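Visitor: Just so you know, we're using full-length UniProt numbering here: the sequence shown kicks off at 1 and counts up by one.
Worth flagging that the hints you see were computed from the coordinates, not collected in a lab. Not one of these hints is a red herring.
Below 30 Å or equal to it, Euclidean Cα-Cα: the simulated DSBU-like pairs (lysine-lysine) are: (1) K982 x K937; (2) K392 x K29; (3) K343 x K237; (4) K256 x K268; (5) K498 x K514; (6) K256 x K228; (7) K389 x K498; (8) K28 x K100; (9) K606 x K210; (10) K389 x K366; (11) K1087 x K1112; (12) K309 x K154; (13) K271 x K210; (14) K1053 x K28; (15) K937 x K857; (16) K1129 x K1053; (17) K339 x K154; (18) K256 x K154; (19) K608 x K572; (20) K1132 x K939; (21) K154 x K173; (22) K343 x K210; (23) K29 x K86; (24) K389 x K369; (25) K29 x K369; (26) K210 x K339.
In this text, all values refer to a predicted model and were calculated from it rather than measured experimentally.
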Amino acid sequence: MKSTRCILSIILGLLAGWLPLGAVTVLKKLQVEYQTNPLGIDVSQPRFNWQMESDRYGACGQAYRLWVADSPEQLAAGRYIYDSGKVLSGESVGVVYQGKALQPSTRYYWKVSVWDESGTEITSTEPAWFETGLLGSGWSGARWIGSSETQLSKYRSHYVIDYDVRVAEGNDKAVFVFGARDADNYVSAELDLNGSGDARFILRHTTDGKTRQDAAESLASIIPASDKHKVHHIRLKVTTAQYALKYFVDIEIDGKTLVNSSLTPEEKERKSRGDFWGGKEGAFTVYPYPDGELVYHCRLYAIGFLQPKGQTATFSNLRISEDTWNTLLYNPAETYVEKGEGKLNVWYPGENVSAPMLRKAIKIEKPVKSARLYATARGVYEFSVNGRKVGKDYLNPGWTDYRYRIMYNTYDITDLLRPGDNGIGAMLGAGWWSEHSGFLTGWQDQYGTRQSLLGKIVIEYADGTRETIVTNDSWKCYDRGPITFNGLQNGEEYDARKEVNGWDAPGFDDSSWKPATLFAAPPVNVEIQGYVGSPIQNNVTLTAQSVVEPIPGVYVYDMGQNMVGVPRLTFKGKAGQEITIRFGEMNYPETIPTEPVAPYTIAMYKEKKGQVYTDNYRSALSTDRYILRGDAAGETYEPRFTFHGFRYVEIHGLERPLPLEAVKGIVLESIGARTSGYETSDERVNRLFSNIIWGQRGNFLSVPTDCPQRDERMGWTGDAQVFARTATYNMNVDPFYTRWLYSVRDNQGDDGSYANYIPVVGFPPHGAEDGGGAMGWMEAGVIVPWQMYQQYGDVRILEQHYASMVAYMDYLERRAVRYVQPFGGFGDWLAIEPTNSMLTNTAYSAYDALIMEQVAKRLGKDADQRRFRTFYENVKRSFNDLFVNEEGRTFAPTVESIFGKDSQVGMWPGTAATEAKIVDTQTSYVVPLQFDLFNEKNKPLAIRHLVENIKKHNYTLTTGFIGTPYLNLVLSDNGYDDVAYKLFEQTAYPSWLYPVLQGATTIWERWNSYTLVNGFGPVDMNSFNHYSYGAIEEWMIAYTLGIQRDEEQPAYKHIILQPRIGGTFSFIRGHYDSAYGRIESGWQIQKRGYIYEATIPANTTATLYLPARSVKSVHVEKGQEGITSVGLKDGKAVYRLRSGSYRICVD
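Please construct the entire structure, taking both the sequences and the accompanying hints into account.
Guide: Structure follows, in structure tokens:
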């Protein structure tokens, strides 16, 4: 029996259907290469997208016609360079340009007409254009330019110090110092002539004022008594342990290596073999904090001398260099005669060299029609014209593996130029080129030590002539400017007293500047390519929410949200006043944990209450420093060449706290506007969704990083692949992933394997070897392009990537034995209950084949399609034979039983099983169920065992990185929505909502990265912004909202609506902005039944599956014109929907 409300709504809906409608259909959101009005695309056959928008049910396209012209006037006049003619197709996504060759550096204008289902023609009216980049036309003789000097960072962790020393007659000691942070913390290297005894060399370190000896070696075989007071050459080759916790020092005296005589056999063996990553320890170890305190201070810092009282020595020919790229970093001309006073005499070497500033004066003598700047750098750069910044981007040209590919940016600078004199300026920063990369301090200066710029300005005048200005040695360089240090991990230091007013403006006197230094071009194999997608930009700005003063004079600002970017601070002060800015994702809490995790104690929490927490940053110092110029009107500081992951900003050096509005958070990311929305009756779930968005926003910065704050920030492929589909819901990531996939291919191994993180990093100059990744991580090379195709209809990404994918499949087939993949890799990383990696690796190989079968089908490669299907069937057969026992439980055979006695096992976790055993973990069922690996007999048993396991763990997760994303998908696909909802709403550890209850504002690396009871988790790997567990959003969108794709019609051309009504929610609603338009879906529980609402965009259709007792219990309140009943199937009322909005009441 229908309620009165339902009957009234139906009557109103019918009346509305009878009323005459002024139906309006328009074409909007015109895009080229999945971007709106892109500038500088290096694509010879661009693709076009558009959307229909209509208030009429069933509006759809039946045909289209596309026109392209080289000016708005030509487009209006019908003089086209391309006319597609009328094409009988309803497609409006990925329509390929088929006209004559496009010219480089040319703006094209376009429009489209669509004939709808009634034959009515609709023509686009919004301005639409795209502009080509250089398209291989060259750089017109432009040269790479930069500074002749190299900026020497005091935070260097690998360096070589050379100096000559002569101890005066009647004296014994010469003491050199490095690593000096202050008067109480440094390392000393002492040449002790030892009176009439044998000369010695002594290493000591002083920590917090206490001095300890690290080594004392006789020099009898190197310095005979007769030579003691001669000049001696000392070389200290210094490296550090991971996270800069220890110094390793190799010592040469007069060209002879000093042997460490105190090493144990075990120490000798360890120092000779090198570590897992290829690094080696030096002969001598200096460990300033042997008790394991959490500090990361083993760096160059200040150098100098510490001559004991009454001891005189002369130091000369001091040099600091690095032996990777053979760069001389510091070479003062001074000779230092140190007459001992027992006092530390130190300075920061090279502190007068700053980030390079480059400039060029040009003159405009006739009216300008347009002007373009094409620019890139080995490093990062910022251009300015006449004192105004060019563009809105940060950290261009972004990160690719510069050994293979460097992208350039295109800017429209027409409005920045003016008649007469003009000043062009550029600043260079380290970026990803130099300074520290990755999680090992040895991964320093990954691609080089000196930054360089390549640029080309093309000016088109109103009279049709062109002028080209390029970077060359006519540009001037200055390297004594305000940016005294910059690095992505360690921060930026800025001395405003060194600012050069007007340096990038016309009329500036640069006669004292030196000519720019020319640098060699990259090797011929390096492709310089137009930038793909959106550069790093600021689309969201936060204002501090509160401030506390945990220590007198130290102010901690809470931005209210864990974010990635830089601060923008406005303050006043005296010239020379130094402000230090530290960052943390968390602070030490007001509520003291009662059961802290070691090494933390209750006393530590009490002592540090309110201060920022930085231990989880490991060796990334993430600190900015600003020295005021003393401007009475105030000064604003926003770092140019770094970024931080933070919620809290701790400021030292202020005389009084800044007002909240003076502390801004400039959020940086590479993906732009939101394309999804999700809201429920549970605010905790809403917070979870917000955390997913912020986790993606913070980590999609040039590449998809694992985390944005610590000494890592790398493009881990495992995180990328499990999150790929979720990523597509939240922002338009097609161009972002397209750009990254160039590096995925660049870093593919010769054997076909993909890498664990991309771009690969390692010990320079060669970096890491390409490929060689772990399964579940390497799958990014297959899964990511497949997801882009399905979500965006991007066929080209499959075409571009296909050969690479096939090479990977060849690799998998070669290494398999009985269709089983070897044990090893990362397995189900960070799982509560580990799963045998041979099982998960084999399952992933089947999934790869399943995807590749479909890819080959889409690309018309029939033989490959059959090949991959056969491979999949063989893996499936082998999996059921070897990894499932007679009870349908997952089972792990021994590695030896498959691969033989001499099989090699790589990476962690753990070692291979020496005896066969039951696995029976959640992941061991979830992964093969998601990949359809269990046969008809074993599948129902596996589902049952999975559900039993979940119940055994009280509806909590035991899965890790590769199991968690699929858990709820598998449950819902196999009839267990109720269990999926219980997991989803679980608040106990471990669960998706558990971190929310602990205060999370982003997705964490661990479920218990911080808890109210235990405090902070393990510091060695404890990111508070690690997006991968946010992959639960795929289930949230596709099942709780019910917005599911039809894989036979990509890009949601046909939509499957399958809302799963469940849990304790009173409503769930949301949307996804697909390539065809916004899809809305939501439901609300009523006293009797529920109401379902949906909107289907024009030019698409949908099939709706509504849980219902019968078709009669379903009442269409709105949308009768577009809905057709199919019947009842498996407890669901099935309908076909045309485009339009719907409201349906289900009793």
